[in-house]
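Chemist: Kindly generate the complete structure, drawing on both the sequences and the hints.
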Amino acid sequence: MDAAEAAVDRARDELLAQLTSDLGDSLVESHLVPGDDLWIRVARGAWVETAEFLKTGLGFQYFNFLSAIDWMPSPFGRDMDSQVDIELGHDEASEVDSSLEHGVAGGETRFQVFARVNDIVNGLGVTVKVDIPDDDLSLATWTGVYAGADWHERECWEMYGISFDGHPGLRNIYLPSGFEGNPLRKDYPLLARRLKPWPGIVDVEQMPGDDDDEESGDDS
Amino acid sequence: MIAAITDPWWFQTTLRVVGGLAAVLLVAGTLVYLHLFKMVSFMQSRLGPMEAGPFGSLQLLAEVGKFIQKEDIFPRKADRFVFAAAPFVVLMSTFLLVVVVPGGPDAWFVDSEIGIYLGMAVSSVSVIGILMAGWGSASKYSLLGGLRATGQLIAYELPLILAVLGVVIQAETMNMQGIVLAQAEGEIFGWGAIGNPYILTQGVAFLVFLVAMQAELTQTPFDMPIAESELVTGYMTEYSGMRFLLFFIGEFATAGVFSAIAAVLFLGGWYIPGIDPTAGIMNVLGPIVLISKVVVLTFIVFWVRFTFPRFREDQLQKLAWKVLIPIALANIVVTGVLKVVF
Amino acid sequence: MTAISDRDQLSYIAAQAADARVNVELETEGMTLNIGPQHPATHGTLRIVAKLDGEQVIAADPVMGYMHRGYEKLTEVRTYPQVTTLINRIDWVGSFANEVPFILAAEKLMEVEAPPRAQWIRTILFEMSRIANIALFLGDMGLQVGAVTPAFFAFRDREHVLNQIEAVTGGRFHPNFDRIGGLKDDLPAGWITETKRAMKKMRNFCDEIEGLLQGNEIFEARTRGIGVIPADIGLGYGLSGANIRASGVDWDTRRDNPCGLVHNELDWKVWTHVDGDSFARFWVRLQEVRESTKMVDQLLDGLPSGPVMAKVPRIIKVPAGEAYVETENPLGVMGYYIVSKGDLVPYRVKIRSASFNNISITPWLLKGVYVPDIITILGSLYFILGDIDR
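Sequence lines, in order, name chains A, B and C.
Quick note: the first sequence uses this note's numbering, first residue 1, plus one each step.
Quick note: the second sequence uses this note's numbering, first residue 1001, plus one each step.
Quick note: the third sequence uses this note's numbering, first residue 2001, plus one each step.
Careful: at least some of the hints might be erroneous.
Taking beta-carbon pairs under 10 Å as the criterion, some of the chain C residues facing chain B (in silico) [said to hold, decoys possible]:
no., residue
1, 2034
2, 2055
3, 2146
4, 2222
5, 2372
6, 2373
7, 2379
Derived by calculation from the structure, the hints in this document are not laboratory data.
Cβ coordinates follow ideal geometry from the N, Cα and C atoms, glycine included.
Modeler: As structure tokens, this is what we get:
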């Protein structure tokens, strides 16, 4: 197993080296977990170029998914959670911490788009991330390289409001066409929680009539 | 049973109408119960209806009661008259068709010299009803279903009629009664113990007739006009309540009547080998014999229906024009040649 | 691959000719047919807006979202153990398989490994949900092309598997049985013999379906050469599971990237087909069910003893990090990309569901086919609406 893992590692190392040499400065940061996975972060201008290189140059033909992430913690904190949950979490979580704290492969902006492609021959996958500046929420489309990116970009557009330049038909995919707002952004409130607070972790839910012990003996 | 010559005309007419209704509705009801409710259920490892009556035998009455109570819905943009009339046209064609089927030496509705020709002609009327339903519903699914049905029914009339021609040549008559008698009195190479049911000498025509009949009845594998997984239910999509019931009855009644025609043409109709075909007892036994043959034939129809997948429209047309019609034509030629030789 | 370029060319010519007919010659209008959202063939609320010329499709545009439940948003306010309840409902006919990749991803972040027995039982239930799921497809495929009876057989025999799943988990459809660090419970007594019997019944069911459909000329005429997906197009659209294996791509996550499940200790085979048409997809799935029953038998024979739960804290907090785990679910590759900030709840969960990618090929695939073929193609791509809409 160790030998196999080492082999995979070598493959990922080589892959990273190739990416670094080809993309040059466009490859901003990378993160490699040996024997597991590889993340790279590329410059916004090199987004399509990266896809083309991955597909034609490195054989990453399989398009897995594309989505985005909002790194700004929710302004609502966890005030919508029940007191039980907050106690269990023992924390500070109810205080709103609006500082950006990025995940692997780093980042600078609030929004990041990430996509994953696979090389199915060698069994490798790579997650590509890109920063989207707040003042210009747009990115070049991948549809020209991976046809399957079409619907994923539509979903990303309606959920995060990130538009994709050159996309053939950027319209809502899940939500009704008149929908306002971008639901997966962290500052979009989850209305169900607002209307009815979450009961929290309950080990055993009480059955109806459990609380009145005096009357329960009647049916014997 | 029906044509007692001495009775006054109004009595004869009433008797014929009642007999015709019974012949269509009773047979249709039997087929629905036996085949749709029970036989198919057993094929699909379930019991079918069990609550209404013994073994669910009254289920059909319950269904009829339910359908009659339902609201008669017209789509807003429907052509109301055409929409309303369509099921009656379809059912009328079935009732007209049953009149040519003889049940015994004297038990007939119409003893026409061109009986089978008349039958084939009136059976085509149902196409108009189906097209009316497809057009009048103002629904795209209905329209597609109606158009498919029209194309299909017209394509399959040809093999149906060509298959009949072989029988007509052999029997030397188009009279249905005459065809039965020709089979009763016929013999195969001098051996006439069971007469000559034409399934033996016209086996090819029988198979062509069965396939074309399946298509005429729009049963799977030829059920594109209904095609519930594609067109919802085709031309019947917008119908509800009583009018849907008419289509439903029409479907099974037509299956019964077409099987009766097949039984008359190929299985010897009402005659029983060994009993004089002019004996009075045959007026009672004849219809029973005929109905048993109908049940057997419809069994095949429904067996196929619930076993096979469905053709596509173009494949269906291909089957009609490239396979069935050439076979039927070849059968006519061979029958004609043999008729002259022997 | 000449057949494909022929097909492309044909559909192009058909579309051009249709346009010409519509616009110039006869001045006939094209017809827009709404297939769905309520339609017998879409088993769910998928809607396909098809522009037709006669019965030929000029353009088809799937519209979904009628069942969008916002799971990606909801997971952000659920604790990790609560999330499994939600994601059970993504692919509702093979529910247990939905839980597995999520739990594996969370375990990867927590650096917890389930005990061997738990891994084996997970794999058993995983494969059993595949059998329950694809058995439904095998019957449904007959239904889509007009044969009613196989569907009844499928529902009948699927019960055997569902009963076994219920015996372990207490839930026929939504087990919610997988836990971070293992499983909720061990197997009940007598379960192994019963399951072996059920697997035998499923093998008989496969033979039955093979006899009913595979050798049937009409079925072959309806499915062979219909909806051909070339391998490179399929990869570009991210097709997975039997859909891509039917195009000749020998790729199965169970064998190539097994994380947390024990498929590599078993003796089994990845089935592929070179044709890439509807029939190939049907055939590959049929073989997969057979292969799965064999796998379950082997797993039952070699089941190790020991606990089914590793030591995990009662309140589960997942350390900060990101992890993506995908498994070969009944419908195709399903993966969860979890972003954690060390809290009780995930920060972001991207659900990569198989059907969403599988169905995204339909606008390309449906161009130029006939209306009956739409149904065949959709049936053979095999989607569950919950898996598209999430």
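Chemist: Have a go at the residue 2034 of chain C hint: is there a Cβ in chain B nearer than 10 Å to its own Cβ?
Modeler: Interface hint status for residue 2034 of chain C: holds (8 Å vs cutoff 10 Å).
Chemist: Under the criterion of a CB-CB separation shorter than 10 Å, is residue 2055 of chain C in contact with chain B as hinted?
Modeler: With a closest approach of 7 Å, the residue 2055 of chain C hint holds.
Chemist: So, as I understand it, the hint says residue 2379 of chain C touches chain B; can you test that by seeing if any CB pair is closer than 10 Å?
Modeler: 8 Å, holds
Chemist: Hold the hint about residue 2222 of chain C up to the distance rule: shortest CB distance to chain B must be less than 10 Å.
Modeler: With Cβ-Cβ at 6 Å, under 10 Å, it holds.
Chemist: Answer holds if the nearest beta-carbon of chain B is closer than 10 Å to that of residue 2373 of chain C; otherwise answer violated.
Modeler: Holds, because the Cβ-Cβ distance from residue 2373 of chain C to chain B comes to roughly 7 Å (cut-off 10 Å).
Chemist: So, as I understand it, the hint says residue 2372 of chain C touches chain B; can you test that by seeing if any CB pair is closer than 10 Å?
Modeler: 5 Å, holds
Chemist: Please verify that hint: residue 2146 of chain C, Cβ, nearest Cβ of chain B, below 10 Å or not.
Modeler: With Cβ-Cβ at 3 Å, under 10 Å, it holds.
Hint compliance for this structure: every hint is met.
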